[in-house]
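K.L.:
Use these hints to put chain Y onto chain B, whose structure you have.
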Amino acid sequence: MKSMKDKFNKKLPFKVPDGYFDNLPLRVQERIAANQAQNKYKGRWVTIRSQLAFAAGFAFMALLSYLGYYMVHPLITEKKPIKTDYVEIVSRTIYEFDDIDLFKAIEQKKRTDSLKEVYDEIPHRLYVRSSNCITIIDEKKEIKP
Amino acid sequence: MFRNPDTKHYAFNLLVRKYQERLYWQIRKIVINHDDADDVIQNTFLKVWGGLDNFREDSQLFTWLYRIATNEALTFLKKKRTKLLLPLVDVEQQLMRSFQGDPFIDGDSTALKLQKALLKLPEKQRLVFNMKYFEEMKYEEISEILGTSVGALKASFHHAVKKIEKFLEED
Numbered sequence: 001m002k003s004m005k006d007k008f009n010k011k012l013p014f015k016v017p018d019g020y021f022d023n024l025p026l027r028v029q030e031r032i033a034a035n036q037a038q039n040k041y042k043g044r045w046v047t048i049r050s051q052l053a054f055a056a057g058f059a060f061m062a063l064l065s066y067l068g069y070y071m072v073h074p075l076i077t078e079k080k081p082i083k084t085d086y087v088e089i090v091s092r093t094i095y096e097f098d099d100i101d102l103f104k105a106i107e108q109k110k111r112t113d114s115l116k117e118v119y120d121e122i123p124h125r126l127y128v129r130s131s132n133c134i135t136i137i138d139e140k141k142e143i144k145p
Numbered sequence: 146m147f148r149n150p151d152t153k154h155y156a157f158n159l160l161v162r163k164y165q166e167r168l169y170w171q172i173r174k175i176v177i178n179h180d181d182a183d184d185v186i187q188n189t190f191l192k193v194w195g196g197l198d199n200f201r202e203d204s205q206l207f208t209w210l211y212r213i214a215t216n217e218a219l220t221f222l223k224k225k226r227t228k229l230l231l232p233l234v235d236v237e238q239q240l241m242r243s244f245q246g247d248p249f250i251d252g253d254s255t256a257l258k259l260q261k262a263l264l265k266l267p268e269k270q271r272l273v274f275n276m277k278y279f280e281e282m283k284y285e286e287i288s289e290i291l292g293t294s295v296g297a298l299k300a301s302f303h304h305a306v307k308k309i310e311k312f313l314e315e316d
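Going down the list, the sequences are from chains B and Y. Residues in the first sequence are numbered consecutively from 1, following this note's numbering. Residues in the second sequence are numbered consecutively from 146, following this note's numbering.
One chain only, chain B, in its complex shape (with noise of 0.2 Å):
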């Protein structure tokens, strides 16, 4: 150990740019104040990004329970009225229509069913008819010979 220090004399083979060590508090301090001010910055952002990420938490917390709530109960588009619907229909309704007009919806109501009737009746009776006369040709021309 004596002998490395006879050698060596601790001397370190580094140097540094002239006036190094006068600059570096200055440099130091400039780092410090970049640092603040970006740190002031960075809270801020850190407050405005949790802020957010609650908000869109929170947001999609009340669209999967909205999608859900919908998936088990689904949207009924079409209400069938209920027995006192149309008792309600029909009280809020009475005074709104006179004998005559029900009396005219009757007979429209009987004429437009009668017609339908004769309507339907025409080809099953076109049909006897047909058969009737194909059965007296074919007899006639039994009896002919």
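Hints were generated in silico from the structure; no laboratory data involved. Where hints are given, some of them may not hold.
Within a straight-line C-alpha distance of at most 27 Å, the following computed DSS-like cross-link-like pairs (lysine-lysine) qualify [what the hints assert, rightly or not]:
(1) Y:K269 with B:K10
(2) B:K42 with Y:K307
(3) B:K42 with Y:K153
(4) B:K11 with Y:K261
(5) Y:K153 with B:K11
(6) Y:K307 with B:K10
P.N.:
Relative to chain B, chain Y alone:
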């Protein structure tokens, strides 16, 4: 002075002026290159500034500063290793190469031979040797900075001296 917001900047400026050289040389011996040492010392003082409020006065100020500087320098080397995806040996090789290209290194001195021999040591032994041989620190102080027992430090220093002597004989 550090606790008072009005005098904090002034006190910190005094601290930087007082300890900058000793801390710089400690860092420089670990990272070798001047530009890297410059980065590390600035980061060290940034950490010191940030930690001043939490500094417990039961530990000596210089020991605390030295510990931060050493940790910053070691972290810098670790980052360099991770960044370049290099194993430990290759980083030492890279540090060895910086002896040639750095204009702030005296290329022909005998002290350079010692530094080159030091780079062949394991990291912990190099640290202990630097602190004991160049800084002439007590084992108790080194123990507080590195968090290693005095016995282990003595053994590390002993091994380091033996290896360096061997390297120098071979050279």
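K.L.:
Check whether the Cα positions of K307 of chain Y and K10 of chain B lie no farther apart than 27 Å.
P.N.:
Cα-Cα ~17 Å, so holds.
K.L.:
If you draw a straight line from the CA of K269 of chain Y to the CA of K10 of chain B, is it 27 Å or shorter?
P.N.:
holds (20 Å)
K.L.:
Compare the distance between the alpha carbons of K42 of chain B and K153 of chain Y with 27 Å, and conclude whether the hinted pair is satisfied.
P.N.:
Holds. K42 of chain B to K153 of chain Y sits at ~23 Å (cutoff 27 Å).
K.L.:
Hinted pair, alpha-carbon criterion (27 Å max): K42 of chain B, K307 of chain Y. Please report holds or violated.
P.N.:
With a Cα-Cα distance of about 51 Å, the restraint between K42 of chain B and K307 of chain Y is violated, given a limit of 27 Å.
K.L.:
Taken at face value, is the distance from the CA of K261 of chain Y to the CA of K11 of chain B at most 27 Å?
P.N.:
holds (14 Å)
K.L.:
Holds or violated: K153 of chain Y and K11 of chain B, Cα atoms, limit 27 Å.
P.N.:
With a Cα-Cα distance of about 36 Å, the restraint between K153 of chain Y and K11 of chain B is violated, given a limit of 27 Å.
Comparing the model with each numbered hint stated earlier shows that hints 2 and 5 do not hold.
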